[in-house]
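J.: Taking the hints into account, I'd like the entire structure generated from these sequences.
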Amino acid sequence: MKKIMLTAGVMALSLVSAGVNAAVSQEEAARLGQDLTPLGAERAGNADGTIPEWTGGYSRPGEDVNRPQNPFPDDRPLFTITRENLNEHRDRLSPGQIAMFERYDTYRMHVYETRRTAAYPQEIYDIVRRNAENARLIEGGSGLAGFEGYVPFPIPNSGLEVIWNHLTRYRGGAVQRTVGQFPVQANGRYEMVRLREQLVWPEHLEGGRTADDDNILFYFLQEVLAPARLTGTVLLVHDTIDQVKESRRAWLYNAGQRRVRRAPNVAYDGPGTASDGLRTSDGLDIYNGAPDKYEWNLVGKKEMYIPYNNYKLMDPSLRYDDIIKQGHLNPEHIRYELHRVWVVEATVKDGERHIYAQRNFFIDEDTWTASVVDHYDGRGELWRVAEAYNAQFYGSDVPWMAAEALYDLNNGRYIALGLANEESNFINFDITPRRQDFTQQALRRMGIR
Numbered sequence: 001m002k003k004i005m006l007t008a009g010v011m012a013l014s015l016v017s018a019g020v021n022a023a024v025s026q027e028e029a030a031r032l033g034q035d036l037t038p039l040g041a042e043r044a045g046n047a048d049g050t051i052p053e054w055t056g057g058y059s060r061p062g063e064d065v066n067r068p069q070n071p072f073p074d075d076r077p078l079f080t081i082t083r084e085n086l087n088e089h090r091d092r093l094s095p096g097q098i099a100m101f102e103r104y105d106t107y108r109m110h111v112y113e114t115r116r117t118a119a120y121p122q123e124i125y126d127i128v129r130r131n132a133e134n135a136r137l138i139e140g141g142s143g144l145a146g147f148e149g150y151v152p153f154p155i156p157n158s159g160l161e162v163i164w165n166h167l168t169r170y171r172g173g174a175v176q177r178t179v180g181q182f183p184v185q186a187n188g189r190y191e192m193v194r195l196r197e198q199l200v201w202p203e204h205l206e207g208g209r210t211a212d213d214d215n216i217l218f219y220f221l222q223e224v225l226a227p228a229r230l231t232g233t234v235l236l237v238h239d240t241i242d243q244v245k246e247s248r249r250a251w252l253y254n255a256g257q258r259r260v261r262r263a264p265n266v267a268y269d270g271p272g273t274a275s276d277g278l279r280t281s282d283g284l285d286i287y288n289g290a291p292d293k294y295e296w297n298l299v300g301k302k303e304m305y306i307p308y309n310n311y312k313l314m315d316p317s318l319r320y321d322d323i324i325k326q327g328h329l330n331p332e333h334i335r336y337e338l339h340r341v342w343v344v345e346a347t348v349k350d351g352e353r354h355i356y357a358q359r360n361f362f363i364d365e366d367t368w369t370a371s372v373v374d375h376y377d378g379r380g381e382l383w384r385v386a387e388a389y390n391a392q393f394y395g396s397d398v399p400w401m402a403a404e405a406l407y408d409l410n411n412g413r414y415i416a417l418g419l420a421n422e423e424s425n426f427i428n429f430d431i432t433p434r435r436q437d438f439t440q441q442a443l444r445r446m447g448i449r
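Going letter by letter, the sequence shown gives residues 1 to 449 in our numbering.
Wrong hints could be hidden among the right ones.
Taking CB as the label site, the calculated pair distances span [said to hold, decoys possible]:
hint, residue 1, residue 2, range
1, 257, 42, 44 to 54 angstroms
2, 56, 259, 43 to 53 angstroms
3, 271, 71, 36 to 46 angstroms
DSSO-like mimics (lysine-lysine), calculated; alpha carbons at most 27 angstroms apart, straight line [to be verified]:
hint, residue 1, residue 2
4, 245, 293
5, 349, 245
6, 302, 349
7, 301, 349
8, 293, 349
No lab work stands behind these hints: they were computed from the structure.
These numbers come from a predicted model, not from an experiment.
Idealized CB from N, CA, C, for every residue including glycine.
T.: Spelled out as structure tokens, the structure:
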């Protein structure tokens, strides 16, 4: 199988194995907010100044909460990477990104000034500091102990710890959004699937966390609103913290059958909802779910061009047809910046199976978002590449994504999720859902109304 190799652009680290991971010392934790940011990134810029110092991020509480406007409208690209000048930039790209240039002569990257906009509420910084001293992996690495809510390992010692940071990163505590999912054919044609989603940590439920939430990481509810043939399909997920004690619970209401069923396939490489076979269940939000199928190797850190501050992709003056193009999203509306990323290589364990035999993750140090992921098949051949189009929802201090996409390098198809340019009710972080909204009974009510 093809393996990612350390290059001049990757800093190797001295690591401990997943079996002996533990919380860091008080002395190490004290670095948070000092030479490290409160989330564990390097506060300082890089040697040549192309990555600046983190100075607190971009925070404007209450401003443009539901659809943030571009705070940098006068920024212009520093340069543009094309197939013609690709060799000048290879060291700061993933193999999957390079393959996109080689496959599509229409593919390009507009690279802008790096702006480290990631900012969080102070209470999240406080939680992460406590996690640094208390959180640890349980035996086997498929769960957490001594953990509060978000980012257990701001000073990670293994690839598995970095992945848990992505899985548990802060996305607002409670959020509802209406977005489009676009399975795009090789000729550029698509039929949009409109989704209404809620993602809620138990602390943000009406009444707060109770004993019933003892092992719950978050609740997720996804309702298909269009097209008509799929309308009424509803997915409910209870994701768990200790996945050895209890694996993810999922139920699906099928409008055609008018019944709620357990959905054990909503995990790993089970098919993603209405994705036309282009996304696995664990490919939503770039990567989610139990990490027990893979061995996780922390390769190091590198400087890399990743999508960042993608406010253009949320511009309501754009139509979906302006963004969805043959082969890939329209590069004229995508912003790339140079950031430091953690490089994590995941390979399927002996005795396990997954359609992706290897995944190489490039995870933004400031937000713990898996920003680029290269996917390899069982032959070790590069198959698909995913990108998260990062954006800071500065009115709520939430770093998340304007959209995400997964490109199939073999057949020219791709899937994009999260665009909401033509939606009147995009995203709301100011919600307090009821606990009963995340039950099987609620699924039945939603499906028949």
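J.: Failing hints, ascending?
T.: none
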